[in-house]
Amino acid sequence: MEDSRIVELYWQRDESAISETQQKYGNYLTRIAYNILADVEDSRESVNDTYLKAWYSMPPQKPIALSTFLGRITRQISIDIYRKRNAKKRQGSEYALALDELHDCASFEGAPEKEVEAELLAKCISDYLMTLSDEARNIFLCRYYFLDSVREIAEHFGAGESKVKSSLHRTRLGLKKHLEKEGLL
Amino acid sequence: MKPEKLSDAIGLLDDKIIKSAEESRKTKKKNKRWIKWVAVAACFCLVIVGVAGHFGRIPPDNGGFGTNPNVNNNPPVVNFLSHKISEAKYPETVDYPQENMLNLNFESYSKALDEWHEFDEARLDNRLDIKNYSSFLTTSTKSFFKGNKDNLVYSPVNVYLALSMLAETTGNNSRAQILDLLGTDSIEAIRNNANKLWLSNYMDDGVTTNILANSVWLNEDMEYNKSTLDILAEKYYASSFKGKMGSNGYNKALQKWLNDQTGGLLKEEASQVEFNDNTILGLASTVYFKARWDSEFNEINTAPDTFNGKNGKQTVDFMNQTSANDYYYDDNYSAVAMRFTNHSAKMWLILPDEDTTPEKLIQSGDVDPILTGSKPKNCKPYALINLAMPKFDVSSTLDLRQNLKQLGVTDVFDDEKADFSPTFNSAAYVSMMQHSARVTVDEEGCTAAAFTVVGVDGMAEPKDIIDFRLDRPFIFVVTADDSTPLFVGIVNNVQ
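Protein chains in written order, with my numbering: chain A, 1 to 185; chain B, 1001 to 1495.
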């Protein structure tokens, strides 16, 4: 079913909106959740919460790209679940690994923490990403937005894992420089 | 700044930038390990109407096959255009947007995608309720597969359209018998059904091709009723041709048309059909279908294995794949439906239980639900299926006259009873009705730059793991987006 039709179902308060969403995007969302949580039960819970949240946010919202809209919700809910976990259970997910990698473009440890608004930071990251090639930008987002594993990314881009790793590395260093230049680090 | 904060900010990036990455995750780019598998299938149904009367006609049993001694030996130059008098105008289609468009401009990509969806839905608005012809689907399939020993492919939609056109050109009892088999009593209903079938199937968007083509072949020395020909052109999208029956050039034009419409898949079969100088009218219908599979097979998993064919054991290449899919089963068989990209078209793979055969399953009516747009009785949704399937390429040619007679369509084949009064004023009868079809499961260009894998396998959490090995005779059914059964076949031997 077309996205606009599904959104319409939400607006009409028709409960089949959820089953249609599940059918079309269930796999896609579960995958995002699993990348963050590395746990089947938790992922399912996260995706179910996504449907619930979608139900209560449409209306008023009328997303054009439904997949992106839903994926964003799942990502946020999954990260929230992740944060409530104890340290031991946090290990092993792609999200945990990605955070590790992002240390590259964060401040040195012990540096005073600057108060930066998340919105402003996002705008700055976005500006930087738009200076990159499509491939480098998409690889970065697959890794840090969708939390895909390096192996998966390599498959999507027809590249070797080492090429993906070095692309990510370059982008992280470039981002760090950009953030410093903008005075955010 | 902590990495978490960066990660949260990344989560706030705007839709446009995320959508682009999202699309890139759906593709698997040039990578030698992956092969794009496609199913290609084609068929034609050719009806030849010859002069009735004992003098100078080819006996019915040889109905137009073989070489006619009267043909002149012109050089085989096909002057296609000189025979064409009108070409069917097909509706416009909308191409499926190319992925690389996305990187250029998100708005135009999503606009193109919306346009495609709109077109696709409008097309399916023409969907013909399968109830209108389900009795034809099941009875004809049973009849054509009866006594079959080898591989056999039958296209119900193709024969349905060929018979509909034949009904248009015939009158009185000849027509009534055909309408009866097609499950209706009015020519208007058939015309409407055929038109809907044509429109809801027609797809040529750069990813999937599904074209039903029709043509009418006229004898230049004859007069025809224009209104009947107009209906064929308008409702059946039939192109028409005119030429000297039995001439080499005209036969070549027919063969070329068949080849063009079937993607060259039935070259051998097409090269053997010809008109002779007793031919008054030829009606040809074709179906050409080509689509990529939604979930791909990994080449490194393709390996030779044993197929226990009807003629004995054969060592053939098996494609292997593990994916989450619905698993269906009934008392005498199990089945899996493999989806094609972007659409709801499918190939059903039906494996009879060990104690039965494909032929028995078809005769018992066990497969009827799949033929008529519904599903087998039981389903394990979202099971993890280890599918092993031989690469196959099956084809067959059927002379439909005997079977159709058994199904009650007798008069058109009888040189004394056949009635073609709506089309011309001569005594004539159907001297040949041939149906040739071929279905192949093949790989397409390993060098292709990128292909879309819609619905990338999620982290499937399967309830069951099922081995589904097509290592003995099996049935396949290719159904279109609107559930029309395009092709039904039995693979008894792979080679």
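The hints are simulated quantities; they were obtained by calculation from the structure and are not laboratory data.
Be a bit skeptical, because a hint or two may be false.
Claimed, not checked - Lysine-lysine pairs mimicking PhoX-like chemistry, simulated, CA-CA at most 25 Å apart:
(1) B:K1005 to A:K84
(2) A:K62 to B:K1111
(3) A:K163 to B:K1084
(4) B:K1019 to A:K62
(5) B:K1026 to B:K1111
(6) A:K181 to B:K1313
(7) A:K24 to B:K1375
(8) A:K176 to B:K1146
(9) A:K123 to B:K1016
(10) B:K1002 to A:K177
(11) B:K1019 to A:K53
(12) B:K1256 to A:K176
(13) B:K1244 to B:K1267
(14) A:K62 to B:K1016
(15) A:K89 to B:K1016
(16) A:K24 to B:K1244
(17) B:K1267 to A:K165
To be verified - Beta-carbon label-pair distances, calculated as ranges:
(18) A:D100 to B:D1353: 51 to 61 Å
(19) A:S166 to B:D1305: 19 to 29 Å
(20) A:A136 to B:C1379: 38 to 48 Å
(21) B:E1234 to A:E45: 49 to 59 Å
Only a predicted model underlies this, so the values are computations on that prediction, with no experimental measurement involved.
Glycine included, every Cβ here is placed at the ideal spot set by N, Cα and C.
Hints, one by one, checked against the model:
| no. | hint | in the structure |
| --- | --- | --- |
| 1 | B:K1005 to A:K84 | holds (16 Å) |
| 2 | A:K62 to B:K1111 | holds (16 Å) |
| 3 | A:K163 to B:K1084 | violated (57 Å) |
| 4 | B:K1019 to A:K62 | holds (16 Å) |
| 5 | B:K1026 to B:K1111 | holds (19 Å) |
| 6 | A:K181 to B:K1313 | violated (71 Å) |
| 7 | A:K24 to B:K1375 | holds (20 Å) |
| 8 | A:K176 to B:K1146 | violated (73 Å) |
| 9 | A:K123 to B:K1016 | holds (13 Å) |
| 10 | B:K1002 to A:K177 | holds (16 Å) |
| 11 | B:K1019 to A:K53 | holds (20 Å) |
| 12 | B:K1256 to A:K176 | violated (64 Å) |
| 13 | B:K1244 to B:K1267 | holds (23 Å) |
| 14 | A:K62 to B:K1016 | holds (15 Å) |
| 15 | A:K89 to B:K1016 | violated (34 Å) |
| 16 | A:K24 to B:K1244 | violated (56 Å) |
| 17 | B:K1267 to A:K165 | violated (50 Å) |
| 18 | A:D100 to B:D1353: 51 to 61 Å | holds (53 Å) |
| 19 | A:S166 to B:D1305: 19 to 29 Å | violated (40 Å) |
| 20 | A:A136 to B:C1379: 38 to 48 Å | holds (44 Å) |
| 21 | B:E1234 to A:E45: 49 to 59 Å | holds (58 Å) |
In this structure, the hints that do not hold are numbers 3, 6, 8, 12, 15, 16, 17, 19, in rising order.
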